[in-house]
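**Q** Let chain A serve as the given structure and place chain B on it in line with the hints.
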Amino acid sequence: MAGLRTIRFRLNGEPVAAHIGAHENLVEVLQGQFGLAGARESCGQGLCGCCTVLVNGRAVSGCLYLAAFADGAEVTTVEHAERGEGLDAVQEAFIEAGAFQCGFCTPGFVLMTRQLLAEHPDPDEDAIRHYLSGNLCRCAAYPEIIEAVKLAAKKRKLHPRTKEER
Amino acid sequence: MKRATTPTETPQVGRAIPRLESWQKVTGRAEYVHNLRLPGMLYGKIFRSTFPHARIKSIETSAAAAVGGVYRVVTADDIRTIVPEPYYGPAFHDQPILAIDKVRYVGEPVAIVLASDPHVAEEATHLIVAEYEELPAVYDEIEAMTSPAIVHEELKPAGTFPDLKHLKGRRNTNVALDYHLRRGDAEQALADADHVFEHTFRTQQVMHTPLEPLVSVAESREDSLTIHTASQSPSFVRIEIARLLGWPENRIRVRAPFLGGGFGAKLYIKLEALVAVLALLTRRPVKVSLTMEEQFFTITKHATTFRIKSGVSNDGRITARQCEVWWNGGAYADIGPRVTQKSGFTAPGPYDIEHVAIDSYALYTNLPPAGALRGFGIPQLVWAYESHTDMIARALKLDPLAFRRRNLLRDGRPQATGTLMQDAALGKVLDRIAELMEWERPVDRGTGPVRRGRGIAIGFKACVAPTTSLAMVTLNADGSCIVYCGTVDMGQGSDTAMAQIAGEVLRMPAESITVVHSDTDATPYDMATLGSRSLFHMGNAVRFAAEDARAKLRALAAEAGLPPESDLPAGDVFRKRYGMQAGNVIGTASFIPSYTPPDYATGLTPNATPFWMVGGAGVEVEVDTETGHVRIARLVNVADVGTPINPKIVATQISGASIMQLGFTLFEKMTFDAGQLRNASLADYKIPGFHDLPREMVSEAVDAEQRTGPFGAKGVGESGTFGVSPAIANAIEDAVGVRLTTLPLNAEAVYRALRAARNEPLEND
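Chains A and B supply the protein sequences, listed in that same order.
Count the first sequence with the numbering used here and you get residues 23 to 188, in order.
Count the second sequence with the numbering used here and you get residues 45 to 809, in order.
If you're looking for bench data, these hints aren't it; they were derived computationally from the structure.
Do not take every clue at face value.
[To be verified] List of simulated lysine-lysine pairs, DSS-like, C-alpha gap at most 25 Å:
hint	chain 1	residue 1	chain 2	residue 2
1	A	K176	B	K692
2	B	K692	A	K177
3	B	K692	A	K172
4	B	K692	B	K472
Pulled out of the complex, with its shape left as it was, chain A reads as follows:
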């Protein structure tokens, strides 16, 4: 295997360093070196959204994103929200709407919903379906996810909390 190199990036707000192989993807590094399992590989082709991670604020498929490219970047995972402030509006809404069953795809949906609401604070149902169509839920909690996104939008308007939510 290729030799190791060191990358430095900010992970959920903290500066970190990792020794990585050129072939390693971001999910492997997050799991193997930082114990973060929220982003997880499922289809391995960037089609299901289970491995969603935000890099510089944009959602990427962590199973296809080479860790080397994260050098110098701001990386955010689903584990970010619970730091200090508890759950965010999206996570609360997913719980209240019962928008998951097995929960394996949920972190990906939470992160995509966050990005959706940052861009479209009040999305209609078509916009929700379109925006989240890259995330798959085999338990098919889709109707509840739509409900959760609408609820999260409402919550964010009522109680803006974090910077992104304002």
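**A** Just chain B now, with coordinates in the frame of chain A:
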């Protein structure tokens, strides 16, 4: 926040509380075996067969073993140093841990490479070379009945099931089980009938695709093994590994945290025997984590052919029905023989028919093995009998709803096996579907290229029997409660439901109760989490264990000199009895319902099932006559789940099951070319996403009660699948006048049928 609380008078059953593990799931912290890494762990990557049926001449592993970082390459010869007879399976001991002497399908595990780095192990698998001598293969379930290609030289029933014993040692056959039922004289009744209809229906092979692919980890100590596994049946895994190793059960610990989906894929033994032997061979922890692609080579849903023939009187009574069902079980039986029998006996549908004959066959073929998938064969059967029902109604110019009502089984009437229907709300479910569909309203079928239509369907299912569940409910010194149960929470919300049941008995908020699930060192025996059995069986066990705990607490209070029925909070009783915060009460219970096995010759039994599940669907479709594209405008799903323990989770289960079945109906299909699977990935095998969601969905449970269930409840995981496929086919015919009899109902199939109906068939038709 979990804490011991003062008693509550609020009923816990019927509360739509969020799942207990919600916080863990939205923060990415829920435990899955997928995430598990142990110090010194080796990763195994599997080298698989490239032939559908072949004798193994040689397996050359030296180049793979020489790759830097490879710890070891293992074949069946190495496995046999630990397990001399390494064949496993719930119904037949037919599946080798790694292929022995021959391979029986493309993708069968032949060897495995172990390395600390999974990439190294993967790379090394490409350097293994196996030489084969190809054998004739058989893929079709009908051809398998008579094909000279024989998948297994000799049948090896596991001995677990009495009705398989007669198959022991049988040679030169691909029939892994034949189930027959005879009630009345179907042949004579057909000869006497005013009208006779015969149709043949087919379903395709599909895969569960849980988003957490199958994964198991094993670690060994001096004389014990711990297996962490994404399994729906930890107790079965323990028993089967103990049998393979010749060990007592108490040296094997099997634990299953949350599962990232199961749907029947993670039942019985899948990777567990393999990792167990590898851990013993290497004395290091070993993890085998399949890719999405590999899942397609592991377990699937049966393709089927179903020939159904009915006699109907002039006044619209079904007088006789003959059912012949062939189940394509693939290369290893898995639980297929159970599907063949346990589902087979409902093949005539939920109708009151005097003369019935059923022949149901489990076939071996050279395809990936098939087992249980959300419905245990029922969706394949309902697909056929409810399409058939509509075709009869149409031919006799009867309203499909009225025709069903006329023939529906009422409570107290015998089903095909002779077992009486009880607590099966077939009429209510059908009525509610009709109401939600506004069946009396005229339909605007449209005039342009897009035509509209609607269809309904209803199905039912028996619960696998007899099966056992045990539970423990303990009260701690402060009065807080822990439920220990082996039910695996794979998303269905069992932890939450069990807490609600225990809370109902003990008058505690469900949120204050901790549920310890599926660890064979801690939780008592449970047959498995399958077939919608857990809420009924484990739910009853938890209820009785909680009642036992309550009785023991009262006894303790009496010992402490407290007045009977004082009902002091538990913490106070312990303090009084032990003089400090100390002690426990441990409530236990086991539950097994009564059951009478079917007579071998007639298939009849007065007690086939502990309860019946009922599910039905109504759909409105739009069919584009220019492209064949089918759009679901509205999907109504109604089920009898008894009394819902958690109405919110019940509704999500019904809609989730129906959307999954929508994928199996409209597009999912494993496509093969001479035994080679061509679409083993989510890029080529599409599962439902947001764009496939019906524009409008209604998912409901009717007001019903399962009197023998815990607080009136019964299972719900599968009922939402039953009616979807035939309701859509019925709606397509209603819209555009063509009848499809083979799943999936994709645009190509619809368009070909439309062209054929116009007498302008496409090529290859």
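**Q** Take the hints in turn and mark each one as holding or not.
**A** Hint check results:
For the hint linking K176 (chain A) to K692 (chain B), the alpha-carbon distance of about 21 Å falls within 25 Å, and the restraint holds. Of the supplied pair hints, the one linking K692 (chain B) and K177 (chain A) holds, its CA atoms being roughly 21 Å apart against a limit of 25 Å. Our distance criterion of 25 Å between C-alpha atoms is met by K692 (chain B) and K172 (chain A), whose separation comes to about 18 Å. Restraint check for K692 (chain B) and K472 (chain B): satisfied, since their Cα atoms lie roughly 21 Å apart, inside the 25 Å limit.
Checked against the numbered hints listed earlier, the structure breaks none of them; every hint is satisfied.
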